[in-house]
Each structure stands twice: as structure tokens, then as C-alpha cells.
Amino acid sequence: MVPLSYYLVLSGILFACGVTGFLIKRNIITIFMSIELMLNGVNLSFVAFAAHWHSLAGQVFVFFVMVVAAAEAAVGLAIIIAVYRTRETLNVDQVNLLKL
Amino acid sequence: MISIHLILFLAFGAVAVAGAINLLAQTHPINSALSLIAVMAALAGEYLLLGAEFVAAVQVIVYAGAIMVLFVFTIMLLNAGVEERTNGSRVAMMFGIPGMLLGSLLVAWVVLRHSGTEAVVVGVLPGQTKGWGDPATVATLLFHEFLLPFEITSILILIAIMGAVVLASKPTVEGGEPPKKVRS
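Heads up: the protein sequence lines correspond to chains A and B, in order. With the first letter of the first sequence counted as 1, position 41 gets the number 41 in our numbering; the numbers rise by one all the way through. With the first letter of the second sequence counted as 1, position 73 gets the number 73 in our numbering; the numbers rise by one all the way through.
If you are wondering where the hints come from, they were derived from the structure by calculation, not from laboratory data. Note that the coordinates shown come from a computational prediction; the quantities given were computed from them, not determined experimentally. Fair warning: there could be bad hints in the mix.
[Unchecked claim] Okay, the calculated bits of chain A under chain B, using three or more residues with CB under 8 angstroms as the criterion: (1) 12-20; (2) 44-53; (3) 61-75; (4) 83-92.
[Claimed, not checked] Facing chain B, a subset of chain A residues (Cβ under 8 angstroms, in silico): (5) 1; (6) 26; (7) 78; (8) 80.
For glycine and all other residues, C-beta sits at the position ideal for the given N, C-alpha and C.
Given these sequences and hints, build the entire structure.
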């Protein structure tokens, strides 16, 4: 039997790695992947709480988070393609103006 | 006495944490994407350990399958190279990293100390609790209590599809010159 707190610590570590990647990475695609890592960390805590309280609502919430993540990935990657098309760079330091 | 649950949890957790750290350490986006796939596969194992069979299957199919394929496809499409590092601001290095360490230590202390570790025990292998977390049970809940949010997500997906098509399609301006490219 694994205590709930172990799952929460693992979830927190994954979320912290995602936040760190979001802050230190300079490639816009890697930053986007860090956001996905954060979502995965949150999902793990949802499922752990669902198993702890014997309530399936947590798993349904994970399902909704995945749906939103899929939609977000599609739109976000389209935005990245549009940014690359106009600026020809993926470095976020060089993408600092809303207008060209 | 160490149970099989704990061993499996530690094994999958080690893979997940190693993948997450590798995501930070790598400079090429494709390496980061592959380590993120490893994280997601390990998390699917954790979900199975928690008895969430449906979520584990969806994790592999949707996350490790669809979303990461989209990422890898975009990386190849844009021909993304090795990341150019720039020196961040010194204030961020001085205060950001110690602050983050302090915050994570605080969270870990609170979780480990004040969550009543002996009372909360999870970790049922699939098959031990019948009819819990399998697709049929989740679907019953999803299509009864969560029917309206489920239908709203279909609208969200539709909007996301249209948005992705509009954003990623080539910009064309009628009656004018095409938008000029600026190398900044």
C-alpha cells in the first residue's frame, strides 16, 4: 500500500519540473511541452485523490483535463507555426512584440 | 516489509522524474519530446497502480499518442534546432532559484507532515476492487452526471479545430501584398 502523500509528492515534483522548464527554457516548443508536464502532474494528483476518496469524479475530471489539453495543443502548435512563419524564429527572447 | 505496490510506484515514479529532469536538461526539442513521452508512459503505469484503467488507456492513446505526435510533427515541420541559450536576468537567478527551492520544500513538508500518512492508504491493483475505474463505470458517470460538461467539450473541440485550421493556414490578403516577413 502506498500512502497518498507519496503520490502528491511525485505530482508536485512533476509540476515543479514543468514550472522550471517553463521559466528557464527558451525554445517555444519546449515551453509548451513544460505546460503539458504540469498538466500531467495535476492529473496524477486528481487520480490519487479519486482513489483515496473512492470517488470516480476525479477520473472524469482527468478526462476533461485531457480534452482541454488536446484542444490547447492543437491551437497552441498552430500559433507556434504562425509565429514561426512571420518571425522565422522559435526563441521566445526574440518574440517580444505583439506587432511586427 | 515492502509491498509490490510500493516497488512498482517507486519504479514508475523514478522513470517519470528522470524523464521530467531530462526534459529540462536536453537542449534539442526532439529529445525533450521523447523524454516527455517516457514521463507519460510512466504516469500511465501509476494510473494502473491506482486502479484507474480507463484513465491509463486514455493517457497512452491521447497524451502519448495523439498530442505528442502533434508535437513531434511540429518540431519536424519547423525544423527546430538546438536551443540558443541566453543569460537570464541576474535577479531571477539570485531570487528565483532559492525561492523555488524554498517553496517546493515547504510544499513537501506540509504534504509529508500534515496529511495523516497512516490514515490515507491508496494503491489497489486492478482486479482487487471490482467495477472501479474501468471504462463502463467511468462512462456511466460521464454520461449521467457529467453529460452537460461532456457536450460542452465537443463544442470546445470544434472551436479548437477551426482555430487551428485558421491559425496554421497560410495567410493570404485579398487585393494587397502578402504579409512581409520580418527577421527580428
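Consistency of the hints with the structure:
no. : hint  : verdict
1   : 12-20 : holds (count 8)
2   : 44-53 : holds (count 6)
3   : 61-75 : holds (count 13)
4   : 83-92 : holds (count 8)
5   : 1     : holds (5 angstroms)
6   : 26    : holds (5 angstroms)
7   : 78    : holds (4 angstroms)
8   : 80    : holds (6 angstroms)
The structure fails none of the hints (numbered hints given earlier).
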